[in-house]
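Protein chains: 2
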Amino acid sequence: MTQYWTDLVNRLTPYTPGEQRSGSDVVKLNTNENPYPPSELVLQAIADVSPDSLRRYPDPQSSELRKTLAGYHNVTADQVFVGNGSDEILALAFMAFFKGKAPLQFPEISYSFYPVYCDLLNITPHMIPLNSDFTLPLTQLGGKCGGIVFPNPNAPTAIAVNKSDIEKLLQNNTSTVVLIDEAYADFGAESVIDLIDRYPNLVVSRTYSKGRSMAGLRLGAAFASAELIEGLRRVKDSFNSYPVDAVAQAAGIASMGDETYYRETIKKIIATREHTTELLKAQGYRVLPSAANFIFVSPPDRDAARLFAELNKEDILVRYWNNDQLKHWLRITIGTDSEMKQLMAVLNKLHSHG
Amino acid sequence: MTQYWTDLVNRLTPYTPGEQRSGSDVVKLNTNENPYPPSELVLQAIADVSPDSLRRYPDPQSSELRKTLAGYHNVTADQVFVGNGSDEILALAFMAFFKGKAPLQFPEISYSFYPVYCDLLNITPHMIPLNSDFTLPLTQLGGKCGGIVFPNPNAPTAIAVNKSDIEKLLQNNTSTVVLIDEAYADFGAESVIDLIDRYPNLVVSRTYSKGRSMAGLRLGAAFASAELIEGLRRVKDSFNSYPVDAVAQAAGIASMGDETYYRETIKKIIATREHTTELLKAQGYRVLPSAANFIFVSPPDRDAARLFAELNKEDILVRYWNNDQLKHWLRITIGTDSEMKQLMAVLNKLHSHG
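Just so you know, the sequences run in chain order A and B.
Going by the numbering used here, the first residue of the first sequence is number 592, and it counts up by one from there.
Going by the numbering used here, the first residue of the second sequence is number 592, and it counts up by one from there.
Bound conformation, chain A alone (with noise of 0.2 Å):
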């Protein structure tokens, strides 16, 4: 800490990203990134960027994006917000929705970065454990509160919950913002972009880096009302005016136009999580019933931590937490298929000799 620090920084504890070590010999099953490459028209797309694009602003709306996901989606242009990743998007919203309101209530199992945006934002958080099976209680969301959030399926545990029990969950809830985050709703989850027009106060952010594999991009959005919508623009032009750059613009829009591809490659992801599952119950390993591209697993000695640094030592990087909640569990991500099976090799060796 400095004298020149504000007060925030020195109380910050910020975000902690999975480790990005590169190298050809690395199976990287540590950041839920997608192990196919994006569309060859997304490759056209960023090759085909002109001079010009580079050298001027980008649109600041990303009016053309825009409008293209919600043709996708069928919503209107109006109804789409995008940013510099879902992780932005969130950002953003927090300040659109839950600054100064009442507790934010999120599963005290979820994404690790929610209490990080509220320590920056000053917004209390309300932490509602799960249930003993890691399933989320969504009854017991809602009621007194600043608003709601949370992924489906959630992270780190890769569960979802069903559409109908969320439309509960905002027809009970109708006084603040209930924020759906569909990161991984690629992969199996119901998603709720649909209900926007019904419920004035739901949002659904999306990312572009999982499903449509282009992390290295900064690519996310959020669907909701149109005065919802105008709220999180307003907070974007209050802070950056163009956060999504000219590149990006041209990538998402190259990659809503390639859907078979894209639902081949989440179809081999799907099949590649099945198999590792099953192959890690026969092992004794408890595996949540996953709807992501990642699994959530706890080995039979229950071990995570030793389990994590034996992995790390043969180049498989996984995802551990120590902490009293999660300290027995890994999330490992589903790379391809010859990936799980260097995994998978690696394991059977360690517990031949362990």
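No wet-lab data here; the hints were simulated from the structure.
Treat the hints with caution; some may be incorrect.
If chains are identical, the list can't say which one is meant, so a pair holds when it fits in one copy or spans any two.
Said to hold, decoys possible - In silico SDA-like pairs for lysine to any residue, Cα to Cα no more than 20 Å straight-line:
hint, residue 1, residue 2
1, K692, L712
2, K692, Q594
3, K918, D894
4, K692, N713
5, K759, P791
6, K692, T593
7, K692, N753
8, K940, L786
9, K859, P642
10, K658, S613
11, K735, T593
12, K692, N601
13, K658, R612
Based on the hints, put chain B in the right spot on chain A.
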């Protein structure tokens, strides 16, 4: 406004960027874009971005890019911070160094995003009037305040201050952060980046939008003591871990490797600026001395509003602020010689009819 917005959103008056009209007949001199494309090395770096670096998260700390910028400016990598354009860097810096402190000093006529950040972050602005010749009264800055920020050269006046005068200000103000916004410094102002080792409260922000022709890619940087950079990083990692995408990181690195090209384009812009200034002065315009890639001009009849509208009708876009202090002035970006010829031709036509 809606019941779902926070008080913050209701109170905001967002920043308004210049119009991004496109079309082959439009002469766009309203957002200070560089009329020349980025270096071929940048175009090549973008074409070379691999599918793997698109599907993966970018390096959250942009280490290679920061090392490259550090080498270029003869500082260390821990004295460099990068972000999604210098607007994002300014927003993060206001959070890291000014929020919750005493009133922040900046010139009354200056970058119009500063008061917007103050509004967003609840910082009290203390605006210092310019001298009657639009120069910055540097000796009136400082004293009891929560910090100081100004662009050098200033915007939209284009007038620069001397490095020695900034150094005096730093010597007299050691208790709060002094943020020098060098967005346009490539076009004539003396940089103070080399003072960061001597003044632990100095932050210098830079953009690669102007001098490096990459407004479309959103890349900015800040230079300061390692402690201040750490403050920026803490705020960034509490807001958005990956603001600089893989393409922008690669392009930024490439852009620092073609000094000859950029020196030439900057030289051309300066020559065009000086020539345009002479022509306008010969027509009776008042033109402030510019150290930037734009000029601040007042027409002979002082009716800048009418001239703005007439130029707009002719598809020549310039910037006009409809407020008491700036209403007699237009900000005109320096384009190519051919674009400035088109501007002069329209001005001649308008004056011969007027």
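Cross-check of the supplied hints:
Taking identical chains as interchangeable, the C-alpha atoms of K692 and L712 lie at most 20 Å apart whether they share a chain (11 Å) or sit on different chains (16 Å). For the homomeric pair K692 and Q594, the shortest alpha-carbon distance between copies (11 Å) is at most 20 Å, but the shortest distance inside one copy (30 Å) is not. In this assembly of identical chains, K918 and D894 lie within 20 Å of each other by CA distance solely inside one copy; the values are 8 Å within and 70 Å between copies. Taking identical chains as interchangeable, the C-alpha atoms of K692 and N713 lie at most 20 Å apart whether they share a chain (10 Å) or sit on different chains (16 Å).
For the identical chains of this complex, K759 and P791 are intra-copy neighbours only, at 14 Å inside a copy versus 55 Å across copies, given an alpha-carbon limit of 20 Å. Within a single copy, K692 and T593 get their C-alpha atoms only as close as 31 Å, which misses the 20 Å cut-off; across copies the closest is 14 Å, which meets it. In this assembly of identical chains, the alpha carbons of K692 and N753 never lie at most 20 Å apart, being 28 Å within a copy and 47 Å across copies at closest. For a Cα distance limit of 20 Å, the shortest separation of K940 from L786 qualifies neither inside one copy, at 48 Å, nor across copies, at 56 Å.
Within a single copy, K859 and P642 get their C-alpha atoms only as close as 37 Å, which misses the 20 Å cut-off; across copies the closest is 18 Å, which meets it. In this assembly of identical chains, K658 and S613 lie within 20 Å of each other by CA distance solely across copies; the values are 18 Å between and 36 Å within a copy. Only between protomers do K735 and T593 lie at most 20 Å apart by alpha-carbon distance; the minimum there is 19 Å, versus 39 Å within a single protomer. Only between protomers do K692 and N601 lie at most 20 Å apart by alpha-carbon distance; the minimum there is 13 Å, versus 23 Å within a single protomer.
In this assembly of identical chains, the alpha carbons of K658 and R612 lie at most 20 Å apart only when taken from different copies (17 Å versus 37 Å within one copy).
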